[in-house]
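Q: Taking the hints into account, I'd like the entire structure generated from these sequences.
There are 2 protein chains.
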Amino acid sequence: MFFKVFLKNCTLICYQRQRDLSKLSKYGTLFTAGFSLFSTSKSSIDTSSFMAEPISSVEYLAKNKDDMKIKVELMILRVQAEFCKALEKEEESGAKFVVDKWQRKEGGGGITCIMQDGKVFEKAGVNISVISGMLPPAAIARMRSQGKKLSDGELPFFAAGVSSVIHPKNPLIPTIHFNYRYFEVRDGDTVHWWFGGGTDLTPYYLNVADAVHFHTVLKDTLDKHDKQYYPKFKKWCDEYFYIPHRYETRGVGGIFFDDLDTPSQESCFKFVTDCADAVKYSYIPLVQRHKHATYSKQEREWQLLRRGRYVEFNLIYDRGTKFGLLTPGARYESILMSLPLKARWEYMHQPGKDTPEGELLEVLKNPREWVKE
Amino acid sequence: MFFKVFLKNCTLICYQRQRDLSKLSKYGTLFTAGFSLFSTSKSSIDTSSFMAEPISSVEYLAKNKDDMKIKVELMILRVQAEFCKALEKEEESGAKFVVDKWQRKEGGGGITCIMQDGKVFEKAGVNISVISGMLPPAAIARMRSQGKKLSDGELPFFAAGVSSVIHPKNPLIPTIHFNYRYFEVRDGDTVHWWFGGGTDLTPYYLNVADAVHFHTVLKDTLDKHDKQYYPKFKKWCDEYFYIPHRYETRGVGGIFFDDLDTPSQESCFKFVTDCADAVKYSYIPLVQRHKHATYSKQEREWQLLRRGRYVEFNLIYDRGTKFGLLTPGARYESILMSLPLKARWEYMHQPGKDTPEGELLEVLKNPREWVKE
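Chains A and B supply the protein sequences, listed in that same order. Start counting the first sequence at 1; every next residue gets the next number (the working numbering). Start counting the second sequence at 1; every next residue gets the next number (the working numbering).
What you were told as hints is all true, and nothing was included just to trick you.
As the list makes no split between identical chains, a pair holds if one copy fits it or if it spans any two.
Below, a list of computed lysine-lysine pairs in the BS3-like style, where the Cα atoms sit at most 25 Å apart:
1. K297 <-> K169
2. K365 <-> K105
3. K297 <-> K119
4. K148 <-> K270
5. K96 <-> K291
Read the hints as simulated data drawn from the structure, not as lab findings.
A: What follows is the structure, encoded as structure tokens:
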């Protein structure tokens, strides 16, 4: 795998024309040579289970273990690897995730893991990024308008997160998306910080047992932290993943939250960690339930039509995609990994009310409560 | 065909829940009964060659023949019908355009013609709309920021246009898009008016002869009106149909212009009419050249990948699509008819420089001059 990572880093060099090529090439060589060395001798941080070497140096990670930035970086590295491995276990073609480690000229970088054209997973992406730099005045103005008490001008920031979209081939397995992130802005002596994230499910055919299982895992996870969280974040999710021009939600929802900074940094971190760890329990059983089910050409075409709606949401409304693509020098391949391998648009496609397709639409137009109190 | 139109109007009733159903139903009946009647006896306007009955009543059209709003409506009705018929002549499956006539609650309506899953044309849409109503303050503020001298508050407006996107099945035939429109805003006693539009080509494989033919037809058409137009509008097109996050244009360009209001209303109308009439001469020969060419699975997959880029442009950057979808009560099916039947996204797909796919990318990254002075 190390060699594959190195090769992919070399490939990266061809694409990222704006980057410092000699630096990247050197980095690639150092990286392949140094990974196992660091893992075994130079620190107390065991990186051997990660998909690639951490973004920060292992020495820096080991020295600053109690810093929230480091705790989040190590958590997302672990979550990425565990989720990728859980998916690889379900994939039946023997396909593995291809790993791309990339650097950001302005500070930090990321690890993008992609599996494409598998037997079970048509396109699966699990991405982490750990970036830092100066937040431009426009971004600060936006944050102030959303209630953050920040000074004018540029301010140093740090952002780290894991995000993932899994598009299975079988239309009876839903698509899942999750994203958990930590943000810091330094304003003079004050460090403003907050967490955000969410997990949501996009089925192609309504399976009530699946939706109930998915929401139950989320509710159980959230209830351990605060009984108010699940109803609040479930509603927020239905509102956020909404396609206004079609008057429908993207899927059967899940949870979504932002600006979480209470009751304490440590409790927020534990909460977000639990949410990220719950993803595999909420989703893998659904993959196992349906991956051997047969499906018709018509079911596959309906799945591709719904994937067109997924594209519409992500490209028109999703704030992450929008602001990501508008950021100069953004790594668009990692941002757009959320798009399906295939999508379809038919003019005026409208399934009958009493069909399985119509049944799904009914739920998308009228979000349900899946778990009773 | 009249029956088909009526049937489609009935279908429309099921979709457009917000509309006055009884009115539409009555309208549908009147429409089928009255079309040929009006065409032959009640006016001097011959509507028999149009795809459907005009948006305005035939009596109103006949009475106001010299009003620019009417001249534009009749022109786009004619252009729509001629282009649809020219395409039907090239289609080899016998498929015909399906015609949807729709009304807008706030004023006006449109005719959407779609051909889907043909042998030559995978998805072809030719839409006209003639709408009027009150322009909201936000839209007026935007127009003022773009240099229009308009009063504050709401103002009455009229907009009419034809727009079309043709996605052929064979990857050797390019996709074409065109749009020609007329706009009026009444501010007290003053009527502000302007024309806009453009025609542009999106090939999947570079064929220099095709690009030269296409641009030559455009240049010849524009040169008859003003020798400055082609260089100016060709550059505007390259700048407008640009996908910034991929650092590439959508295709090999064409022409694009907006806010055209000189030297006179009549000359602008003649210019836009000539542009719209030139579309078939610029495009149909390319369809004829390539529609029987064989192609490989790999060429088809590259076409679908490029169609993914088309979707990215239309959903993220195209002003028409964006503002259209954000307008409450917008007819999204007509706006999104521009999307291809199928599209594809692969992570990090990058063709080699010396391949036919790489040759296209090179031109998209470095727009060329196709016609010498």
